[in-house]
Structures are given as C-alpha cells and as structure tokens.
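Number of protein chains: 2
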Amino acid sequence: MHNFNSGPSILPQEVLTEAAEAIHNFNHTGLSILEIGHRTNWFGEVMTEARYLVKEFMQLGDDHEVLFLHGGATAQFMQAPMNLLDTDETAAYCDNGIWGSKAIKEARLFGNVNVVSSSKDKKHTYIPKDFFVPEDSKYLHYTTNNTVEGTQWHHIPATTVPLVADMSSDIFSRPMEFSKFALIYAGAQKNIGAAGVNLVVVKKEVLGKVKRPIPTIMDYGNHIEAGSLLNTPPVFAVYVSMLTMRWIKKEGGLEEMEKRSRQRAEFFYNALDTLPLFKPIVAIEDRSWMNAVFIIEKPELEKQFLEQCKENGMIGIKGHRSVGGLRVSMYNALPICSLEALVDLMKEFNNKFA
Amino acid sequence: MHNFNSGPSILPQEVLTEAAEAIHNFNHTGLSILEIGHRTNWFGEVMTEARYLVKEFMQLGDDHEVLFLHGGATAQFMQAPMNLLDTDETAAYCDNGIWGSKAIKEARLFGNVNVVSSSKDKKHTYIPKDFFVPEDSKYLHYTTNNTVEGTQWHHIPATTVPLVADMSSDIFSRPMEFSKFALIYAGAQKNIGAAGVNLVVVKKEVLGKVKRPIPTIMDYGNHIEAGSLLNTPPVFAVYVSMLTMRWIKKEGGLEEMEKRSRQRAEFFYNALDTLPLFKPIVAIEDRSWMNAVFIIEKPELEKQFLEQCKENGMIGIKGHRSVGGLRVSMYNALPICSLEALVDLMKEFNNKFA
Numbered sequence: 001m002h003n004f005n006s007g008p009s010i011l012p013q014e015v016l017t018e019a020a021e022a023i024h025n026f027n028h029t030g031l032s033i034l035e036i037g038h039r040t041n042w043f044g045e046v047m048t049e050a051r052y053l054v055k056e057f058m059q060l061g062d063d064h065e066v067l068f069l070h071g072g073a074t075a076q077f078m079q080a081p082m083n084l085l086d087t088d089e090t091a092a093y094c095d096n097g098i099w100g101s102k103a104i105k106e107a108r109l110f111g112n113v114n115v116v117s118s119s120k121d122k123k124h125t126y127i128p129k130d131f132f133v134p135e136d137s138k139y140l141h142y143t144t145n146n147t148v149e150g151t152q153w154h155h156i157p158a159t160t161v162p163l164v165a166d167m168s169s170d171i172f173s174r175p176m177e178f179s180k181f182a183l184i185y186a187g188a189q190k191n192i193g194a195a196g197v198n199l200v201v202v203k204k205e206v207l208g209k210v211k212r213p214i215p216t217i218m219d220y221g222n223h224i225e226a227g228s229l230l231n232t233p234p235v236f237a238v239y240v241s242m243l244t245m246r247w248i249k250k251e252g253g254l255e256e257m258e259k260r261s262r263q264r265a266e267f268f269y270n271a272l273d274t275l276p277l278f279k280p281i282v283a284i285e286d287r288s289w290m291n292a293v294f295i296i297e298k299p300e301l302e303k304q305f306l307e308q309c310k311e312n313g314m315i316g317i318k319g320h321r322s323v324g325g326l327r328v329s330m331y332n333a334l335p336i337c338s339l340e341a342l343v344d345l346m347k348e349f350n351n352k353f354a
Numbered sequence: 001m002h003n004f005n006s007g008p009s010i011l012p013q014e015v016l017t018e019a020a021e022a023i024h025n026f027n028h029t030g031l032s033i034l035e036i037g038h039r040t041n042w043f044g045e046v047m048t049e050a051r052y053l054v055k056e057f058m059q060l061g062d063d064h065e066v067l068f069l070h071g072g073a074t075a076q077f078m079q080a081p082m083n084l085l086d087t088d089e090t091a092a093y094c095d096n097g098i099w100g101s102k103a104i105k106e107a108r109l110f111g112n113v114n115v116v117s118s119s120k121d122k123k124h125t126y127i128p129k130d131f132f133v134p135e136d137s138k139y140l141h142y143t144t145n146n147t148v149e150g151t152q153w154h155h156i157p158a159t160t161v162p163l164v165a166d167m168s169s170d171i172f173s174r175p176m177e178f179s180k181f182a183l184i185y186a187g188a189q190k191n192i193g194a195a196g197v198n199l200v201v202v203k204k205e206v207l208g209k210v211k212r213p214i215p216t217i218m219d220y221g222n223h224i225e226a227g228s229l230l231n232t233p234p235v236f237a238v239y240v241s242m243l244t245m246r247w248i249k250k251e252g253g254l255e256e257m258e259k260r261s262r263q264r265a266e267f268f269y270n271a272l273d274t275l276p277l278f279k280p281i282v283a284i285e286d287r288s289w290m291n292a293v294f295i296i297e298k299p300e301l302e303k304q305f306l307e308q309c310k311e312n313g314m315i316g317i318k319g320h321r322s323v324g325g326l327r328v329s330m331y332n333a334l335p336i337c338s339l340e341a342l343v344d345l346m347k348e349f350n351n352k353f354a
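Those sequence lines, one after another, are chains Y and V. For reference, each letter of the first sequence is one residue, going 1 to 354 in our numbering. For reference, each letter of the second sequence is one residue, going 1 to 354 in our numbering.
Chain Y with its partners taken away, still in its complex shape (with noise of 0.2 Å):
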C-alpha cells in the first residue's frame, strides 16, 4: 500500500513492529504497554524520554517545558487562549485555513481577536506576508502548515510579540528556531505519532498571567508540575510518540527530515507542474512540503484517477471535503518510492487524457 492520508497518516514500519510488540509484551515486562500503570518506572522513562527528544530536536533550554496532553490540536484552539489571553486583551490571528479560522472562533470565547492577515479573498491558495501586528497584541497566532489548502510558512512571521503556533501538520519535518516560540501545539497524528495526543511546548514566563479561573485538566501550569502526568495519560499514544521520535532521531534527526521533506516535494511538485492534465493550486513560494493540493484539469476525470489510484494500492489521495480536488500528503515516513509510484501512474493517466 501506498498510503498518502492527511492525518492519521502513514508512520515508519519499524514504529509499527515495535508498538505492536510491545502491546504484547513490553520492554520485556511480561505486560502489555496497555495494562501497566502510568506512575510506573515502566512508563515514567517513556514519558520522561518523550519530552527529552522534543528539548532536543527542538534545541530548547529551561525557559519551555514539553507537555504531552490528552486531546488534537482542537483542544489547543480553546486551551491556548484560555491560558494566556485575558477577557480583555487582544491577540493577533493569521487566518490562512480552514483550522486557523476554527482557532479564531475558539479564541474569540476568551478576548478580543485581531485577524490581522487573511487568505479569504483567493481561498486559502497563498500566505500573506506583508501585515501589522500591533505590538500590543498578547500573542500572534499562526498555522505553521495548512493541511487542507496546502499552504505552509517557510520563514517565521517576524513580530516583536510572542509566538503561538499550530504546528501539528508540519511539525518534525525541519528545523526551526523553536525558541522564539512561546507556545508551540501539535496533534500527534502526522509526524509524530498515533492519534490521541497533543505535543504541547510552552515557555513557562507566558503563563500564570491571565484572571480567569482555569479547570485544572486545562492549566498548562499544572500539567508542568506534574510532569505531563497530571491525570492518566493517553499512555499507547505517548508511546507510539517517543518511538517515532526515536525513529528519527535514529535517521538524522530533523535536519535529515527536511533533506527528505525537500527531495520528496521537489519531486512531486516537479512532476505536477509537467503533467498539464495536473494543476497545482497554490501560489508556488508557498506549497507546502508536507501536503500537495490540486485538481484534475478534466474534472470528469476525477473518480476514475481515484479508482486507478485504488487500484494500486494508493490511497488517501482525495482532497478534503471542504476543498475537493485532490490532495498528496507527504509526512516523514513516507518513502519517495510511493511517490515515484504516483507519479508513474499519473503520467500515464496525463499521457492517456491530457
């Protein structure tokens, strides 16, 4: 199989191998990983490794802690706010896709919301870059990579404000500067690992200062002196995490993630721009490495290329509902040999249409 899904998405078959055995059998306990307690050696050496690859691939120091919390990044588009944005503060939105829009409307629960950049106006196809963040605004907000409309940042907005960002669909595939982060979110459920887990990065200056009273299951600042094990944990995601990090760790780390990242969509989007039955969508400065969006020129054509997709064995090519077209997601594990596959097929599928 050949597997291009957005999100859960294809993960290293050596993770797989692993996680099922341990499921059996873990680290040599006599126990399934889904039958031990979470206040164990067992599993505190997970977890406490976990947040020690996050610090590493990410080359951060004291200032931020790494939580691992229950729950996608839908979570996080109501947790951040209500963790750092006070009633009547202002926070700055990038609106670049559908998920920054669904932040903006959590946001907009706990303060006031400045959508100070959107892509609206030629739906979600590009990044603005040129806009103003007042430097007043309690935070700026911003989608690292847009999943759906395959649109991605390459550089880190500059803004003397701090930085908040959703990084779930793009996060582990280059290095950035982490640290200028003051809040940094991801579901698991590309790059990472299983769904069922949020990463949570967090500078510890940035919290404790909004007036709301906070549940506690949503107080960042409790899960850090808990040591991200606060309530029961969503042990087997955390778990699948710290494989997969161990797994790219093992492979070079995120340097060679980005190597990888940039040979596959080179690749892909060589061919796209080739093949004239094939139309990419989005502005070129800012296709994303990690999902490809486009269309079929013939729209008719559409359902047979998905069924001749199927038909060898690759799947998850269908765009998202809310986009239509197609859509080729790119995640780390992925090899390009899946995409050289594709791309096969497509020329032939052009040469017969086009």
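Hints listed in this document are in silico derivations from the structure and should not be mistaken for laboratory results. Any given hint could turn out to be false.
For identical chains, the list gives no copy identity; a pair is met inside one copy or between any two copies.
[Unchecked claim] Each computed SDA-like pair below joins lysine to any residue, with the alpha-carbon atoms no more than 20 Å apart:
(1) K310 - G325
(2) K298 - H155
(3) K259 - Y269
(4) K318 - T29
(5) K204 - L272
(6) K352 - L277
(7) K105 - L230
(8) K102 - E225
(9) K298 - N350
(10) K250 - T159
(11) K211 - T87
Mind docking chain V on chain Y? Use the hints.
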C-alpha cells in the same frame, strides 16, 4: 503475571492479541489501525459498533447518545458542569472520595455546588445513604465506585433530580438501570479498554440549556451532531474499547460480568475476613467489588509483603498514594486464578506472621 493494577489495568488476552494484529494489519486492509483515516468507512464501522455496543449493554433508547471523547474522567469533571450547570444554578454533589472531591472542585468554577453528602468524617471508608437532595438541584453527581478508597454504591440514589455519574471504575461490571441517568462518563482504562478515551453517555434533553458559550470541542451537542467524529478521535483507544466490548458480549454481557465480579469479590473479601493479619478498612455493606482496600495489622510487614507479591509476579497491590495500605483491583478481565494465587500467598504470609 497477576495484574491487580487499579488502572490502566488488565485487559482480556484476546483483546490484546487482536489489538496487536491491528497494528500490523487492520481488518485485512494491509494498513495499520494507526495509519487509517478517521473518516474512512473502516474506522466509521469501529466507532458505530462501539457506540452500538454501549447502547446494547445499557439498554438505552433514542433518548440517550453515546460518545467517545478525548481525555479521561478528569476532563469530564469540568466538561459536565460546563454543559449542564449555569452560573446561577446549584448542583448537588456527593463527596465520597478523592475523585468526587475533584469533581466538586471543578464544578465550583461553573456554578454553585451543594455537597449533599460527605464521608470525609471517616476518611471516605463508607457511603452515606441518608441525605437530602433539594428538588431544584440541577443534577445530583456521584461516583459509583471509589477506586482509591474501595467503596461502591450498590444501589442508585433515590432522587427526582437528573443523575450524573462518574462510572470510571465499575462500568460494565454489572447491569444497572442506565436509562435513569442524565449523564454517565467513564475513563476507559479499567473495564472499557486502554487509557486515552472517555465514554460519555448523555440524555439529549438535558443539553442546550446553559447560557454560557461553550468551546466547540467541549460541547456535547456538537459531538452528538458529528456522530462522535467532531475532530480526529483517539482512534486506537476507541478500537480497543470496541474489542473489549465485543469480548464482554461474547462472554455473556453485563449479567455474566456481574456474576464474575460477585465471585471474585466474595472469594477475596472472605479471605480478608478470615486472615487476622489483613484487615479490610471499608464498611462491609459498601465494599467495592472492583477495588478491595485493606491494611496489614503490622504495618512494618507491608514492604516485605509487597516484595513477596512482586517475586510471585503479582503487581499493582500497593494502595493509592493518598490512602496508603494495600489495594487489590479486580476488574472484568481478572481471572479468579489470580486471586487464588494471591490468597494463597496471603495465607502463607498470615500463618508466618499473624
């Protein structure tokens, strides 16, 4: 290994076998359960079956909806009052143990809490039965089984106000008149499956009545509308829940689970009552069939006893850090032979040291 963990805890061997197989190859798809999209028919069938089995076990009609949500019961301590209790309203709460107390703390952030009954005077070693619930209470909240203290409600409190129950540690261990409840929630990591998902059963008529704006992901109504697929769910944890419920059904359903629970509890408490060295500390009529909490009359022997347990492959017997002493958890998947082995060891220890 004999697994007496309080949660995450023992699961049926065949559930573990199937879960591990699905990590390699889910349902003959050639894909891992960790790699499939949550909006595929593949996963849709898992979610549908899981929700259906809950309704079947609980004998619920269309008035109730079944959801599988991110997080554990701690999230529900907050989410329940957020959805049900307005700022100027009062909910009645039973304070029968550490988890009930935590639920009370969270509810106070959303409205008024009337603690109608408390067993704090005797360190939560019993369940008060004679208490008054004002008729204008928005709901009555209680914890059906107190995992930490080892007490359990063996009846449903008689009241005319809507019932809200945290059933995390005894759900699916017995048939109950589940339709009597306005809201039931339970973290999965005891009788339902693996850590990382919450079962929520809600009577639709109680929703949509509070004035506060509810964050999208916290609103039960949104989850109902989306068929429990509002955002990426914790796919694997839902799958393990479904497998565990299939196992319960195959074994004979909640009636059979109750029979086995009774057998286990009678066998173990009988041993406790006859061995002078070990002393149950909970009111006899309120003893939990899930978690037997007890002490050693000579506390200096506790460490030695726990070491002997460990040497004999018996784990999870240390009491909760807030209570101390010893605790033996006897969830659905625990075979009676594990208890027999433990009781043999206890007899030996008793004969040596009593």
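Quick check: which numbered hints come out false for this structure? 2, 5, 10
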